[in-house]
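S.K.: Residue numbers (our numbering), protein chains in the order written: chain A, 1 to 397; chain B, 398 to 794; chain C, 795 to 1191; chain D, 1192 to 1588.
Since the hints were derived computationally from the structure, they do not count as laboratory data.
We put the beta carbon where it would ideally sit given N, CA and C, even for glycine.
A hint or two may mislead.
Computed list of chain D residues with no C-beta within reach of chain A, every gap over 10 Å [what the hints assert, rightly or not]: (1) 1221; (2) 1256; (3) 1259; (4) 1262; (5) 1290; (6) 1291; (7) 1295; (8) 1302; (9) 1314; (10) 1433; (11) 1459; (12) 1537; (13) 1542; (14) 1572.
Covered stretches of chain B, as calculated for chain A (at least 3 residues, CB under 8 Å) [unchecked claim]: (15) 599–613; (16) 645–651; (17) 729–741.
Distance condition first, Cα-Cα at most 25 Å in a straight line; then the derived DMTMM-like pairs of lysine to aspartate or glutamate [claimed, not checked]: (18) A:167 x D:1297; (19) D:1358 x A:106; (20) A:167 x D:1252; (21) C:1137 x D:1441; (22) A:15 x A:44.
There are 4 protein chains.
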Amino acid sequence: MTAAVIQGASHATLKERFLAVRSATMALCEPLETEDYIPQPVVDVSPPKWNIAHTTWFFEEFILRRFVPAYSVFDDRFAYLFNSYYNTVGDRSARDRRSLSRPTVEEIFAYRRHVDEAMSGLLGTLGDGTDHDDLAELTTLGINHEQQHQELFLSDLKFSFASEPFKPAYRSGFHPENESARGSVDRIAIGGGNFEIGHRGEGFCFDNELARHTVFLEPFEISGRCVTNSEFLEFISDGGYRTHSLWHSDGWDWIRSQDISAPLYWSNEDGEWSHFTLGGMDRLEPDAPVTHVSYYEASAYAEWSGLRLPTEFEWEAASSSLDWGQRWEWTNSAYLPYPGFRKPAGAVGEYNGKFMINQMVLRGASLATPAGHSRPTYRNFFHPHLRWQFTGIRLAR
Amino acid sequence: MTAAVIQGASHATLKERFLAVRSATMALCEPLETEDYIPQPVVDVSPPKWNIAHTTWFFEEFILRRFVPAYSVFDDRFAYLFNSYYNTVGDRSARDRRSLSRPTVEEIFAYRRHVDEAMSGLLGTLGDGTDHDDLAELTTLGINHEQQHQELFLSDLKFSFASEPFKPAYRSGFHPENESARGSVDRIAIGGGNFEIGHRGEGFCFDNELARHTVFLEPFEISGRCVTNSEFLEFISDGGYRTHSLWHSDGWDWIRSQDISAPLYWSNEDGEWSHFTLGGMDRLEPDAPVTHVSYYEASAYAEWSGLRLPTEFEWEAASSSLDWGQRWEWTNSAYLPYPGFRKPAGAVGEYNGKFMINQMVLRGASLATPAGHSRPTYRNFFHPHLRWQFTGIRLAR
Amino acid sequence: MTAAVIQGASHATLKERFLAVRSATMALCEPLETEDYIPQPVVDVSPPKWNIAHTTWFFEEFILRRFVPAYSVFDDRFAYLFNSYYNTVGDRSARDRRSLSRPTVEEIFAYRRHVDEAMSGLLGTLGDGTDHDDLAELTTLGINHEQQHQELFLSDLKFSFASEPFKPAYRSGFHPENESARGSVDRIAIGGGNFEIGHRGEGFCFDNELARHTVFLEPFEISGRCVTNSEFLEFISDGGYRTHSLWHSDGWDWIRSQDISAPLYWSNEDGEWSHFTLGGMDRLEPDAPVTHVSYYEASAYAEWSGLRLPTEFEWEAASSSLDWGQRWEWTNSAYLPYPGFRKPAGAVGEYNGKFMINQMVLRGASLATPAGHSRPTYRNFFHPHLRWQFTGIRLAR
Amino acid sequence: MTAAVIQGASHATLKERFLAVRSATMALCEPLETEDYIPQPVVDVSPPKWNIAHTTWFFEEFILRRFVPAYSVFDDRFAYLFNSYYNTVGDRSARDRRSLSRPTVEEIFAYRRHVDEAMSGLLGTLGDGTDHDDLAELTTLGINHEQQHQELFLSDLKFSFASEPFKPAYRSGFHPENESARGSVDRIAIGGGNFEIGHRGEGFCFDNELARHTVFLEPFEISGRCVTNSEFLEFISDGGYRTHSLWHSDGWDWIRSQDISAPLYWSNEDGEWSHFTLGGMDRLEPDAPVTHVSYYEASAYAEWSGLRLPTEFEWEAASSSLDWGQRWEWTNSAYLPYPGFRKPAGAVGEYNGKFMINQMVLRGASLATPAGHSRPTYRNFFHPHLRWQFTGIRLAR
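Turn these sequences into a full structure, and let the hints steer you where they fit.
M.R.: What follows is the structure, encoded as structure tokens:
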């Protein structure tokens, strides 16, 4: 069983899953030059060095310091550098100052090895004592946290490479963005009524997927597949980016102030569209789902098509009928707490609740989501103008 | 029957209601010096001259130009100056360039008289022909639009006066902000189930109150009165503004970057709190409902108190049990379309739908809301950091 | 003898000159509506109300408070509001917050009358006591200070009116900008050698005109008249604004970031040039001296013409041969202290010295300079990107 | 004869001098990790990779492309990336986008070797044909250009390392900033009269040092050594940074908006001063010349001391009596063209002239200036707020 398979396997031991996820991160690093670990082109995008150090810090800070009394901290200063936002834990470096030359990449790899060894030792002892539930729970959270950063590793790196004048490829010939849209173009009809929404059962979920609760939905229809590049090109040809009545007021201001007239990474030369992919610049595949669109663009497209975006509740209610997972699909739901939502105690309580304002929910998963890191109740969220994730559009009415 | 009474009366004729609302606006102007009509201290706040010209423009643009063939436009250039945001209608002046010396205040008053005369003539003919439904509907919309700007007139002017070094009073001795909070401190329990939400019946409502639809609610409790100044002072004393775990991440960034440690207009000298009111600086009344708080502050207060803000659906479901109307009450609902929401056709279709992103819903009404301009289904909305309206906090759990 | 004549007359008494200058300011206000006194379109431009209050404050602060023991200050709060930059004197209002509704214009006029009466009383006593030299010196400084603000009153108001959508005229039919350039197009040759530069003799001068000192100049030639609009149009037609080699690096960044392709207030419709004048929009007069150009534009024009700007020393050495006074002429000299420059003691010591960095010297005078407020040694100065003064270009080689 | 010696030797052949300077640059790189070549903490500071590629580009662009018909350009895209500001030559990358991962550091080194080989071949042929003067002149310019970037390499890297949370040392134990100030504290008196200023003779100079011309100077005195750290500490203790009357208006705004109260890199912990040096954090040596001060600070210090900064003409006239070379010494002269200054033809004409606005002249040299790259007529220049060079203060009166 390869690491990549274990990463998504639920029957592996916790230690096996930990090691599989950790080595999957290292596999992501394989094509990089040392220099690629450093730049931070915009505040939202972290350098690879930061992503792989920060996920390591999570295990050191929340697990090793607590569960291994004799644990020797790798470098005290890392706690400050690689704390992303946990105010409870202590000071943290400014989010826009993550482009650092020191510690070197080699030191970060040594840091990973140091923490992996200590974690392996700790997880190998499972089965014989106290605190196992907390340890297992935090380790599982750390694993899921690292999987989130695996996806960010790719989307951040893609943005960074697209900002480089040489536009280097992450892996030559690797264009997962060009895979055709799955599912039928037909809309699926779902009857109205009360639906149970939110996570249930034994498996891991984030705090924001709870509590499971009832939502009343009117009957609705939802498209069997995501909007494709060729469909989105019709919107562009029809003047979609120049027709204010299709746009939210904030969206209209955004496309005008940022001079936006196509999805992120698209480029038009002499009438031919191409786009930047993980394999570098490539032709735009008409049948692939459109990606790297903001909520504003998703919403304007829906308005233009005479339909609308689904709510996150409609999406979840219909999910078993959908062939999802190619794109994070913008919904028309704001990211807000479910009734009965409770922040976990302690520092990990900062995980999700404090972001529940000004963001919109995306459902599904994307080509960059690690195996095993998705489920129908998963709530992703971003500000409505952001486009560097592998976002997409599914229509409803 | 005085104008102020007619403004809220539903049995008056349309012409009577039109004239009552128009003269209520003029009554608001009575205490002003010519100079007060000009400054625009920040982009969100319009000068009085703009507010009173813009509402006049609405009647000229959408009604007189259409229904009165021989109508003589007062000044062609006003359409550009006093169009707030109707992109459909034509070019418009930038929102941050409303501080103009010309046209003079006297010319704006002449503009109002010109339009009032034409509208009076037009509305006097009602009963004899075509297009009456459209005319009545648009006039009613114009009346409600002007009432919204009456409230903005006061909140904008309050902000403007507070920005003046001399801090002038709007009306000496006029401190409606100091009226004690109404209602009982006890929480009212509401059983769960399906509720009908949204406007019903014959009367006027805005497009965003439609369509009436079903929402499932869990059982909840809601406070009988709004949070008072003395309660909010406890939050401050307890370090509420310095405790990051109470705040949304965006809210924490906001209070730190803006150096915020109290509601807008509050001032502390030698331990004594006072606040700027419509009557100038005054003592802070402990039993009055706290006001001029942002959503972030409302939410942090709720977190500190161990409770939460109600959703707009809970608020509406409970509204018949509440003594509301002193403050616009922040809810924990994002401003989004109801299922079945439809934009009206034409330029008035821009009224509400294009703002349905990045804003939070407020329910109720405030001390500055004109009589007759409130109902339990009314959905007000502002960005979560804004504080210059007469906002307040009601708790739920 | 009219006030306007006395303003420039040197044989009048100090009291006569004081009153003449004060009433000349009032004459400038004559065409204004109350509303015109308020807007401040950009930070560099002060509202008329501020200009006329600030000059009044100067007399109250530096003279009446000191020389009239029983003087009753008009309003204590004005010292804060109308102090422009005298840090020594106390707190001052932020320079970008001068758009105030209160005190009203009428109160400012009352303030002027109050101060004028007290000054008249004080100056009427001259001849019988102590401190006369200081009093006369400070009054003369205050008179010259007010004359500077008379020019600013006009250039600020012109900018403000140009920013208004209605582009009102200050005085209908008043286009002093269109007067033809005086002097001969020929260049005047000046032999090299040592020249005495700086003020000499008994009359008033600013501290920055001292000390008179020797400067060695190489032989040079200087144009008999300023560059005209038609000459400047050739520069534009020849692509002057698009040819980077003509520009300073900072100038090139400035025209590109600000999208500048003509002097301030110029406008081109269907190939016809017009410009905004004190009388409103008007045709561009080809033979008038170009005006409202920055140092960057003046310098690029000179480079394009194969010549250069004179230094301030060359200008002064040649001044007796020049018919100057239509435009403030940019020189290629930075505004720096003369050898032997001394700051005056006390608050008035802030007058000029603290601005001696980052600014370029302009020599001459302009159409807006009051009679009697110019001399060959006068050193005006502005940052190199500023254009709202009546600036112009004279060439040398 | 080592490379470091040849770098400053005037009797070496052009090829020897070229190779010596090129290898001196490589020697500067010796202590760096790959990661150190990438970050650009602020727009004024270039990454090491950029500095060493840009100087290489100069030889390729201006010499190899022209004088070697068969020259094979290393990578066409580098011309765009490593052109600093030569608009004449073609497009160039934005100055604030120099933090790039690709090309890699190893590729830049290969680029240097490629160009060095071609230049060696070319310079080896000298003595037998056409164009020698141009070639020799441009190569000499390229050598001097690279020496300027050697100094920038160190000052840029120092700034970058100081921005890193770990504050790494460039070379451990290397603190040239701590060398004691040379020269006597006494002032040297220089009699007035006409002086010849500017470069003369055969050796290399930059265009801005010409033409040699006459300047009349009043008698003056100039200090025999630069202001020391202990002297500057007295200014701080005496409230120098809080006394507005010592500062230019722009300087006062600068220290307040940037919250500046000590030279760059200084840090005070429990009353003990230390500073960041090329060898990392170190104690502040009282007898070393103060460094990393802006013009504003230099000028305020001079004002506080009752003296003034010398002009660049005074400095040059006195230079033979001064033991200069430890710091770039701020003068009170703006960077402006000498009478008779002519821009060279072609792209190298952009070298100096276009920066002759908004900057102040510094004279001397610093601890980071390569041997042989200084002379009494050398005119360095920076904007008055910049501090990351090894600047210093010498007083005059």
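S.K.: Each hint needs a verdict: does it hold in this structure or not?
M.R.: Hint by hint, here is what the structure shows:
no., hint, result
1, 1221, "holds, 16 Å"
2, 1256, "holds, 20 Å"
3, 1259, "holds, 26 Å"
4, 1262, "holds, 22 Å"
5, 1290, "violated, 5 Å"
6, 1291, "violated, 6 Å"
7, 1295, "violated, 5 Å"
8, 1302, "holds, 14 Å"
9, 1314, "holds, 31 Å"
10, 1433, "holds, 28 Å"
11, 1459, "holds, 20 Å"
12, 1537, "holds, 26 Å"
13, 1542, "holds, 25 Å"
14, 1572, "holds, 30 Å"
15, 599–613, "holds (count 4)"
16, 645–651, "holds (count 5)"
17, 729–741, "holds (count 7)"
18, A:167 x D:1297, "holds, 18 Å"
19, D:1358 x A:106, "holds, 18 Å"
20, A:167 x D:1252, "holds, 24 Å"
21, C:1137 x D:1441, "holds, 17 Å"
22, A:15 x A:44, "violated, 32 Å"
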